[in-house]
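With these hints in hand, go ahead and build the complete structure from the sequences.
So you can see what is in the structure, the chains are spelled out below.
Number of protein chains: 2
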Amino acid sequence: MVLSQPNEQPLNVVPYPQEVTMISCNIPVLPGSITIKSNIESVILSISISRYQNLFFPFTKNIVGDDSNKIELSISIASDDETLQLGVDESYSLLIDQGTYQLKSNTIYGAMRGLETFKQMIVYDVVKNSYSLTCAEIMDFPTYQWRGFLVDNARHYLTKDMVLHIIDSLGYNKFNVMHWHLIDTVAFPVESKTYPKLTEAILGPHATISHDEIEIVVAYAKTYGIRVIPEFDVPGHSSSWGVGYPELLANCPGFPASSVPLDCSNPNTYTFLENFFSEIAPLFEDDYFHTGGDELVIDCWANDTSIQKWMKKMNYNTSDAFQYFEDQLDIIMTSINRKKIAWNDALQHGVKFNENTLVQTWTNINDLRVVLAAGYKTITSFFYYLDRQSPDGYYDIHYEWQDTWQDFYASDPRLNITSNAENILGGEATMFGEQVSSVNWDARVWPRAIGISERLWSSTEINNVTLALPRVGQFSCDMSRRGILSGPLFPDYCPLPEELSFSLKPVYQLSKDEVNLILKKKF
Amino acid sequence: MVLSQPNEQPLNVVPYPQEVTMISCNIPVLPGSITIKSNIESVILSISISRYQNLFFPFTKNIVGDDSNKIELSISIASDDETLQLGVDESYSLLIDQGTYQLKSNTIYGAMRGLETFKQMIVYDVVKNSYSLTCAEIMDFPTYQWRGFLVDNARHYLTKDMVLHIIDSLGYNKFNVMHWHLIDTVAFPVESKTYPKLTEAILGPHATISHDEIEIVVAYAKTYGIRVIPEFDVPGHSSSWGVGYPELLANCPGFPASSVPLDCSNPNTYTFLENFFSEIAPLFEDDYFHTGGDELVIDCWANDTSIQKWMKKMNYNTSDAFQYFEDQLDIIMTSINRKKIAWNDALQHGVKFNENTLVQTWTNINDLRVVLAAGYKTITSFFYYLDRQSPDGYYDIHYEWQDTWQDFYASDPRLNITSNAENILGGEATMFGEQVSSVNWDARVWPRAIGISERLWSSTEINNVTLALPRVGQFSCDMSRRGILSGPLFPDYCPLPEELSFSLKPVYQLSKDEVNLILKKKF
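Sequence lines, in order, name chains U and E.
Using this note's numbering, the letters of the first sequence correspond one by one to residues 14 to 536.
Using this note's numbering, the letters of the second sequence correspond one by one to residues 14 to 536.
Please keep in mind that the hints were generated in silico from the structure rather than gathered at the bench.
Treat the hints with care, as some may be off.
One copy or two, it doesn't matter: identical chains are merged, so the pair holds either way.
Said to hold, decoys possible - Simulated pairs of lysine-lysine, PhoX-like, Cα-Cα distance not exceeding 20 Å:
no., residue 1, residue 2
1, K173, K525
2, K141, K74
3, K390, K365
4, K352, K50
5, K173, K518
6, K117, K132
7, K352, K390
8, K83, K50
9, K365, K352
10, K132, K83
11, K117, K50
12, K50, K132
On a predicted model such as this, the values are computed, not experimentally measured, just so you know.
The following block contains the structure:
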């Protein structure tokens with residue numbers, strides 16, 4: 014056995030595990046030669062197992078090797094508790110040696126993380142057209158318990174199948190939270206039985222998300238150990254609520270329609286929110302519920318004569334009005350039995366959150382320090398903006414665009430934080446959707462977001478770009494063979510299985526005769 | 014009739030035509046209701062027509078409208094000369110009015126440009142699920158006669174079908190040159206019968222390009238009026254030649270293998286090049302042949318003892334050696350009846366090109382001025398680097414990555430050039446392939462390269478980003494409905510035909526029972 018050093022990364026696995034001991038063997042395997050047995054019965058785990066068994070061998074034609082190696086991976090799970098909430102135990106250990114194939118974990122979710130690692134240890138050799146299983150002993154657990162990814166379903170409509178496809182890619186990367194940004198200024202795609210006119214604000218025909226679809230998404234995500242947290246962004250970014258229900262909006266003539274927030278002074282606003290949230294929240298299983306709160310155009314409130322009167326009566330300034338709004342949200346959260354997540358903006362307006370609020374810091378590191386100084390728990394996302402040309406202002410511009418993955422990789426959530434760093438629970442990659450639809454989603458997100466998934470899972474000591482690069486490139490190829498359109502980071506060769514649905518073809522097939530005629534070749 | 018003003022762009026066509034007169038009618042059309050008749054018989058044109066007829070109506074189910082409007086587009090072409098070379102006449106005129114559907118051009122290639130415009134005038138209404146044909150009179154021609162696109166087939170291997178798919182996307186954008194960067198340091202995928210060991214330098218099994226495949230690519234491109242120009246980059250970027258034929262390379266110990274150029278002192282080098290180019294050139298029909306010449310590590314020559322001796326004997330410095338190399342290339346070009354294109358680097362080394370050389374300026378605008386001052390004809394590409402995080406050093410960083418299309422759009426090839434500007438024949442978009450494979454090609458290139466295609470075709474007066482944006486966004490949606498993975502530039506709604514091969518699906522289909530079991534729902 015050879016113990017891996019901090020400056021060596023001999024195992025081709027992403028995100029890199031916490032402790033790796035390489036074992037000097039390589040076990041030839043053939044499609045169909047790996048079975049998996051678990052000590053507990055779980056529908057959720059069995060779906061995960063079934064899925065991985067389909068992913069182990071992307072190529073199955075004329076594979077070289079003999080079928081004498083029958084491998085049974087034995088999964089041993091300590092607890093059959095399937096609860097999936099913040100802090101769930103995702104640790105696992107793997108021992109792969111000649112004749113020994115063991116995966117141990119405390120929960121089914123830890124077992125899933127181990128299955129992903131095991132999958133990546135089945136290495137395909139494109140020259141030999143053969144597979145081998147890498148031997149190693151691994152002890153692994155996440156550095157951060159919150160490893161989120163924001164999916165924006167408002168700026169572009171994503172079908173249920175596309176969201177499930179995205180969840181596949183998140184699962185492969187050991188992300189464990191899908192932050193589902195469901196509505197925004199431009200659209201309100203979520204169907205409501207209580208308030209059916211909300212979906213008058215959709216981008217186009219059938220661009221809606223039904224309750225059944227939400228349940229499928231939540232269930233599917235659970236088979237990857239991914240918590241799904243909805244965001245309903247209020248009181249700003251909320252003008253879409255007003256398409257069907259204009260009485261919900263403030264009235265500030267002269268302001269662009271897109272910047273008009275909810276009316277904070279009208280008790281009906283809160284009744285509406287409570288009714289709607291009470292309808293929607295039970296579709297999600299997570300303790301947390303995201304109520305947004307970013308980029309409120311507070312001057313609209315100041316210019317609404319009715320809100321002005323109310324503020325005068327209450328002896329409020331706009332900051333107090335925002336405080337009142339957040340306090341009402343807290344009451345609603347209690348009534349629907351959820352904990353609030355809010356973007357950090359309100360703090361800049363002088364608002365104080367309930368101490369149980371989880372603050373999502375999206376602006377910058379100085380604001381993060383403010384959040385921490387005030388004692389809140391937080392998650393950070395300002396390092397991880399996948400839509401930006403320059404992911405944040407701290408870095409030089411790379412020559413090549415995809416090398417921005419290195420910026421993410423360099424950005425530990427606790428980077429340059431000295432006080433209350435333990436209150437940073439993790440981070441979230443954000444893929445805001447102005448310029449991304451199903452058409453270009455994968456290629457925009459991947460492989461760059463691998464820099465985020467490894468940063469949030471692996472040890473902070475695993476941070477050398479040069480060492481990571483070949484692993485990340487190989488994993489990107491692996492992902493593309495699973496159907497995720499994740500491109501390369503350097504010249505390499507990654508042929509895909511023929512049957513993959515995104516093999517691109519010309520729109521017209523020239524016959525040999527046509528070629529000859531076009532080139533006026535002699536017959 | 015309403016004449017369009019320079020500051021109005023009422024026609025939703027990309028690239029925007031030179032002269033547009035809107036006619037106030039809109040003709041409802043149904044799938045199958047448009048036929049096309051041409052006054053000349055041409056296999057090339059008939060393939061183009063057949064292809065467009067398949068593209069006119071991406072959706073065919075339950076289309077709303079009546080089928081009384083039978084439309085026959087009448088194509089009238091002045092000449093049946095199918096020669097496709099620099100300067101080919103691509104002008105056309107279109108008159109679409111109630112009962113009048115005329116496309117006129119001087120060549121079949123002009124007719125193809127008109128067909129693309131006509132295709133874009135068939136507008137699909139996603140809300141009504143109906144089609145209508147826009148009425149207008151159009152006179153159109155390209156501002157630049159060289160509108161090229163560099164496809165790098167060396168850093169990643171692109172299959173023949175992928176190259177044809179790329180040609181589809183170039184044709185839709187009225188590009189007229191595919192600059193095929195076929196080999197580079199990392200790989201030599203082009204098969205040779207004369208020198209079969211050249212393809213020992215391939216990226217992986219079967220990653221080769223055969224003569225038959227080259228012919229198909231040339232023929233297919235011709236059906237879009239796209240000239241295909243091969244680049245064999247010498248004497249730098251050439252170490253791949255040495256995998257099978259090490260005697261071709263200089264010998265400079267201590268230099269990275271990837272930077273070793275061809276040996277300029279060995280007469281066999283030139284015999285080899287002449288034999289190989291004589292074998293390859295006839296597969297291409299274009300008058301031009303690109304011999305590269307960029308980023309030569311000339312110090313390697315200075316450190317090769319054998320080259321040192323030769324230079325001493327010839328009384329050469331390294332610059333003279335480079336001059337000698339380029340002069341030998343000119344002799345070979347004459348023997349294979351081709352005109353040379355070369356990157357501008359040699360000029361920086363003091364080399365003088367043959368006056369017939371077309372110089373491709375890739376470095377910067379100051380070097381472009383040097384090229385022009387020396388009297389060469391040139392094409393520019395330094396504005397149009399699709400791989401870069403910041404396309405060039407002249408622009409501010411945008412917030413969103415895709416907005417880099419605006420940098421391309423702002424960059425007329427003759428921008429800030431006052432002398433000999435007429436010698437700039439046009440420009441070339443470059444998609445160097447370090448970080449792009451078939452998996453992410455489309456989403457990396459499009460819709461950003463639309464900024465280049467319109468810049469090179471349309472009038473320089475058509476340069477307002479705000480006016481262009483809705484057209485470009487709509488065209489990007491149109492492209493995605495034709496199978497090009499071109500994403501959005503702003504929130505919009507662009508559903509795709511179900512049968513499109515890149516509709517992404519999850520890897521596992523949950524049954525309803527499984528959803529209920531996972532969510533522990535009561536039955």
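Evaluation of the provided hints:
Taking CA atoms no more than 20 Å apart as the test, K173 paired with K525 passes between copies only; the shortest distance there is 14 Å, against 42 Å inside one copy. Taking CA atoms no more than 20 Å apart as the test, K141 paired with K74 passes inside one copy only; the shortest distance there is 12 Å, against 47 Å between copies. With identical chains, the CA atoms of K390 and K365 are at most 20 Å apart within one copy only, with a shortest distance of 13 Å there and 67 Å across copies. Taking CA atoms no more than 20 Å apart as the test, K352 paired with K50 passes in neither setting, with 37 Å inside one copy and 67 Å between copies.
Taking the closest pair of Cα atoms, K173 and K518 come within 20 Å of each other only across two copies (9 Å); inside a single copy the shortest separation is 26 Å, beyond that limit. Only within a single protomer do K117 and K132 lie at most 20 Å apart by alpha-carbon distance; the minimum there is 15 Å, versus 60 Å between protomers. Proximity of K352 and K390 under a CA criterion of 20 Å is satisfied intra-copy only: 12 Å inside one chain copy versus 68 Å between copies. With identical chains, the CA atoms of K83 and K50 are at most 20 Å apart within one copy only, with a shortest distance of 13 Å there and 65 Å across copies.
When the C-alpha separation of K365 and K352 is checked against a cutoff of 20 Å, the pair qualifies only within one copy, where the shortest distance is 16 Å, while the shortest distance between copies is 73 Å. For a Cα distance limit of 20 Å, the shortest separation of K132 from K83 inside one copy, 16 Å, qualifies, whereas the shortest one across copies, 58 Å, does not. Proximity of K117 and K50 under a CA criterion of 20 Å is satisfied intra-copy only: 12 Å inside one chain copy versus 71 Å between copies. With identical chains, the CA atoms of K50 and K132 are at most 20 Å apart within one copy only, with a shortest distance of 15 Å there and 57 Å across copies.
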